[in-house]
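Asks: Single-letter residue listing:
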Amino acid sequence: MPKIVLEHITKRFDKAGTHNAVQDLNMVIEDREFITLLGPSGCGKTTTLRMIAGLETPTMGRITIGDTVVFDSETGVNISPAKRDIGFLFQNYALWPHMTVYQNISFGLENLGWTQERIRKRVEEMLALLQIETFEKRYPSELSGGQQQRVAIARTLAPAPKVLFMDEPLSNLDAKLRLEMRTELKRLHAETDSTFVYVTHDQLEAMTLATRVCLMNNGLLQQYAPPLRVYNDPANLFAAEFVGSPTINFIPVSARKTGMHTAEFSTLGRTFLFEGDDSLVDLNDTRRDNAVLGVRPEFVHLEEGVMKGQVYAALPSGMETIVQLKVEGQLLTSVKFGGVDYNVNTPMYFTFSGSGLLLFDKESGRKLAKGSVKLKE
Amino acid sequence: MEKIKSYCSKPANLITVIFLTLLLLAVVLPLGTLLVGSFRVNGNQEAIWIGDDVEEGSWTFHHWTELLTSKEFNYAETKFWIPLWESALMAIISCFVAVLFGGMVAWFITRSDLPAKQFISTVFVFPYIMPSWSMAMFWENFFKNTGINAGMGILQSTTGICVPESMVYGLWPCAMSLGLHYAPFAYILIGGILRNMDANLEEAATVLKASRFKILRRITLPIVLPALISTILLVFSSSISSFTVPFFLNKSSINSGNNFVSISVQMRNLINTGFTIGQGYVVAIVLMIFSIGILTLNNWFTGTRKSFTTVTGKSGQVSLVNLGRARIPTAVLMIIIVAFFAIMPLLSFAMESLFEVPGDWSTFTLRYWTSTELFEGSNKGDTIGILRSATMWRAMGRSLLLSVLVSLLAGTIGILIGYAVARKRGSRAATLMSDLAFLPYLIPSMSFGAVYLALSYTKGFTWLDSSFFLLLLVGSVKFMPFASRAGTSAMLQLSGEIEEAAIMMGVPWWKRMARVLFPIQKASFISGYLLPFISCMREMSLFVLLAASYTTLVTTLLQEYSRTGLTQASNAINLLIILVVLVIQFAVNKLTGASLDRGIGG
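Residue numbers (the numbering used here), protein chains in the order written: chain B, 4 to 380; chain L, 203 to 804.
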């Protein structure tokens, strides 16, 4: 069973070589993983996927699928996509409009030299798996978006590829259908026993589906870790901000080291003591505004503590309420379980709780430590 | 080595390499020989003409200096500057006519509540399918009269009016018939913009309380302006180098003052004498520079201003101007006008070929269609009745064969080029290939003919001289732009994923083309075949320099008959050409749904 290894993959689109779409990417995708390539548009995630699939040629680097080197810029090896034993699910489904659902699925199998009988059997199996038996004779234009999506999946899975690549396959569906298809993809991953590589810009999709998330920005790998790890222990400011909704609070601070793991800083009109689980040696405390404190909204507890702010806006959505506070000219987002509504400008006490607060280096954006804060008396 | 192998393993790369090379050979090389030819002594006769014991094949500036500056007998003025100036004048008038007429119809069709729009639109575009000289022939058939020794025309036989010669032959009639021919073209361009212009743009101004006039002046006109300029420039560049129209309407006697030799006719005269081939090349180069300059200007205009002409989509509700009580009378008037220009030419060709004296029923005869009598002093098989004429049938057969081959070649190459351009979007080689494939569009037909003539006189290529292969080559390259544009736009409409989905399945390249890409864009691709076919079938200027006596095409035969004054025969042949084009277009349209307006008009 295959394991995909990317080594020093770089892709440049312009000849001048000023901008790298993907830069020196190293990554190992283990067998049967469900990997999501996550990032804002233009970050190089689709390019990466297309390079592994063989639809795009990397400028430099080496790609290995299983025991086979499928691309190597040094030896000039470049195996065609068809011979990489993979499936690819396109964003716009790419169903052939002039073929029926049956023909769409069977066309690829014909090219494998299968007998008609075997093709028939396999197509029926796929139709049943995706629950689209009744549409067999219809044309793609006669199907809804969700049904087209299922046909596209059936077509991709029919030759039983060992690796399945998906390029934002759910982005054209409405919210409800998207949720449904997400469940289905997770089920398919378990049933088909293959490796899934999935591109998305939707952090929620990445969080809920993946066994590991590969977070990219500007062609550079930011963090490659299981989703909860990315959420709880982001590698840098970008990762912290991109993952999580509502977004994490960033509070600029001027931090001063007070010990191996401790620091002191003043903000929001108070002085705080930070105690981290990592060493703070890299903290440069010769300058002002040298650090950023990251506080996830769930760590801002309302109606507790002694710090005081005003309600800027409250957005109840039933199960939870997002509350924005204005404190000393800075906006803080908090999430409160349950539906409560506060009037605008209501005075509000709050506190920072828990051990999941993050301290970042302002200049490099790198995470320095995770820890907790308490007010200095 | 591995790199070259992996580069060539992609069909798009291979196509680019092959066709880039072929296009360099078929477009750039001939252009080079033309340029060289204008600085060389071409043949023995030219050496005698220049005198000074120059040798054949030696270098000389003589062609340029004599044609552009010689004051001897006003040579430069009469042979070059006056024809050029008068051709420009003709082009300006025809622009005016085309834009005014076409633009007016476009406005009525897209922006008013005129009834019978579909009918008017279809009939109005119809003359554009006819060969470019049809309107000129019709003009002559209509206005000629016995007062100028030209036989009785329709106007005279029905009303007895004899118009002066200046209204039948010369600059003014040429300009008018060119303008009328290009009016449908102006209609297509301007109407396209008006139709696709989002009505919201105007409505937004209405909501802001702008007056109707202000909306027209500040919103509508600026948006339509690029299309308008584009139309003017394209009509101007086609008209100034027009050969056929001035050729058909240049029958007045030399001293009448109505004698008008257009610059393209002059080019042919210079080349055909054999003494001044190089000077003919000079004219070809000048015309080419004119055309390319104008079209570059056009691209600059549409390119920089395109941003706000782009269409935001089909706007749902267009508020149509209510014509009120003028609605029905306007429609009737429009129907009469467009029907006149669509149907009358055909009728006039038929009448000319069926009467000794048009309109006089006592002279009705089928002689010019079916007689087996021979022309005086003609070759064997050259009978008066063109349906019995072996010469005519041979020419017709050759034209059909040529057009079919040209359309197959150009159409197929166009699809392949379109494929490579779409797959290698932005790559320098692909852009160059696409530009080279489009270049022949910018070169006037007559000049393009001269380019290949020069090639066929060049050492190493003389085997091309007067051959059918030369016609095939020039036709395929000249009509390639239609096919490559149709192919490219069809390929670009298909998302790359459609093909990639098949690549992932291991479908080989030819099968992807045949089973996936072609069926989806069938209609557009077939238009890419149809356009070169029809253009080739009705093309005269391109072939007039190149077709020899044993490679006569039906259009060059028509030219020959018209030149020797065989009016009935030339009208009959023109009618035949139009019928063949119409029947084939209709058949293809019915069978495949492809139609001409899917590509660009030419």
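Check each hint, because a few of them may be wrong.
[Claimed, not checked] Which residues of chain B face chain L? A few of them, derived with a C-beta cut under 8 Å, are:
#1 Ile89
#2 Trp99
#3 Gly148
#4 Gly149
[Said to hold, decoys possible] Taking CB as the label site, the calculated pair distances span:
#5 Gly116(B) x Ser629(L): 48 to 56 Å
#6 Leu674(L) x Ser83(B): 43 to 51 Å
#7 Ser83(B) x Trp261(L): 47 to 55 Å
#8 Trp665(L) x Gly69(B): 56 to 64 Å
#9 Gly116(B) x Phe663(L): 44 to 52 Å
#10 Ser44(B) x Leu227(L): 53 to 61 Å
#11 Leu410(L) x Ser174(B): 34 to 42 Å
#12 Leu227(L) x Asp177(B): 48 to 56 Å
Because the hints were derived from the structure by calculation, they are not lab data.
Beta carbons are placed, not taken as given, at the ideal position from N, Cα and C, and that holds for glycine.
Asks: Next, verify each hint and record whether it holds.
Replies: Checked hints:
no. : hint                              : in the structure
1   : Ile89                             : holds (7 Å)
2   : Trp99                             : holds (6 Å)
3   : Gly148                            : violated (16 Å)
4   : Gly149                            : violated (18 Å)
5   : Gly116(B) x Ser629(L): 48 to 56 Å : violated (34 Å)
6   : Leu674(L) x Ser83(B): 43 to 51 Å  : violated (37 Å)
7   : Ser83(B) x Trp261(L): 47 to 55 Å  : holds (54 Å)
8   : Trp665(L) x Gly69(B): 56 to 64 Å  : holds (58 Å)
9   : Gly116(B) x Phe663(L): 44 to 52 Å : holds (49 Å)
10  : Ser44(B) x Leu227(L): 53 to 61 Å  : violated (43 Å)
11  : Leu410(L) x Ser174(B): 34 to 42 Å : holds (37 Å)
12  : Leu227(L) x Asp177(B): 48 to 56 Å : holds (55 Å)
In summary, the numbered hints that this structure violates are 3, 4, 5, 6, 10.
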